[in-house]
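Top line first, the protein sequences correspond to chains A and B. The first sequence begins at 16 in our numbering and counts up one residue at a time. The second sequence begins at 16 in our numbering and counts up one residue at a time.
Derived by calculation from the structure, the hints in this document are not laboratory data. Owing to the predicted nature of the structure, the values given are computational and were not obtained by experimental measurement.
One copy or any two copies: either way a pair holds, since identical chains are not told apart in the list.
Keeping only pairs whose Cα atoms sit at most 30 Å apart, straight-line, the calculated DSS-like set for lysine-lysine is: (1) K227 - K107; (2) K24 - K199; (3) K260 - K242; (4) K77 - K31; (5) K71 - K199; (6) K253 - K242; (7) K221 - K107.
Okay, here's what each chain looks like letter by letter:
2 protein chains.
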Amino acid sequence: MNPTINLLKSHRSIRKFTDEPVSQEIVDELILCGQAAATSSNVQAVTAVQIHDSDKRETLAKLAGGQPYVASAAAFFVYCADMNRPKYACEKQGGDFSPGMTEHFIIATVDVALAAQNTVVAAESLGLGICYIGGLRNNPVEVSELLELPEHVYPVFGLCIGHPAQDPEVKPRMPIEAVLMYDKYDASIFDNSVSLYDDTVREYYKSRTSGKKDSTWSQEMKALVGKESRPHMSSFLKGRGFLKK
Amino acid sequence: MNPTINLLKSHRSIRKFTDEPVSQEIVDELILCGQAAATSSNVQAVTAVQIHDSDKRETLAKLAGGQPYVASAAAFFVYCADMNRPKYACEKQGGDFSPGMTEHFIIATVDVALAAQNTVVAAESLGLGICYIGGLRNNPVEVSELLELPEHVYPVFGLCIGHPAQDPEVKPRMPIEAVLMYDKYDASIFDNSVSLYDDTVREYYKSRTSGKKDSTWSQEMKALVGKESRPHMSSFLKGRGFLKK
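The shape of chain A in the complex, shown without the other chains (with noise of 0.2 Å):
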């Protein structure tokens, strides 16, 4: 329809990228693209803290689960859900902080992921690839440790921004059917939707391996979700000063 919306759907992770630098110029427009997003009260509870140390980076890259996209990026940023801001403005006026809130940890989750979305596209619109990092939550303590993060903060993702070296396809997403309803929530579409899904996700891995790879949704669903997933995080969160109420 425009030039936009060709760009939104043509998305895909990049995890390849050239030697090319993105220059500190471009990265402040793409945090000023962030923070331009919708925030809940104007709470702003987003802080990116762009990891420019290579040490920083190899340990990173690491603790997200060994992804070397992480270290090799031309820029790599961790974006965190960040309540002590508002709370230190909240103090400098004699307030007392609301500690753990649960509308708290959802209002900054969101913020981010808004504002993380807005640098996203801004990225794209420059041809830079990006690949977001939520393997960083396999170790949240070491990386909270590593970025000196205070309580009241978590880091929600990592975001890698570069220019690609690789030109894979764009992944193929459930039927709309299923994921836009009316009026009510319906789950009767289920049966015709997760199987037509299945059989559009079983095409495309296979014909991007050779046929080697044979996996539909549900099994890959199977393993995410018929286990145990960062079992961690409840302990980690309350622990920062989160999800306490």
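Fit chain B to the supplied structure of chain A, relying on the hints for placement.
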């Protein structure tokens, strides 16, 4: 730097809409843009429930704390974090869904925000205006009942989309120095940058309200985080199968 970046930086929430409709063809395109956003492990834990029913719209406008644009916007969506669909797929494969993981809550909440923000950018690229409705979390039990949301699904926020009938200023954001840090978290910048931003916010409100509103960011943060905020969210979410471990 380019039209997409200019678009991102010109965002402001719209709370007055004309009567002009938004076609279902456009809505589908906006949702497809949302689906194209990154998703953790391809879980696609996002369900958008579009509300056509005018009675439900009126009810939701009230449940959101009295926000009439929820009823009057051309299109309105309740964005849900949906672990019920991956649960369905997992069980289709004979797996046992592992409920209540905090990690799944983060994954699903981030997925929702990334998808919604893509839909927002796409809408704004077509000249439409948007407003996120966090106020649905005032009454999440009633919203969930109204939309017949099953367990493992929760309403994260609403989203109004329509043709703008107002042209508000872009709201000034925090200085970039306060939100982009390097190699580690550094709170020492706040003394200066929060004071600067307090002045900016005071001037913004004064000019918008002909001098009537006199408030700073720090004062707003005291009002927001200096007290409990939606204290029902923790028990609501646990009751829906989230955040149990």
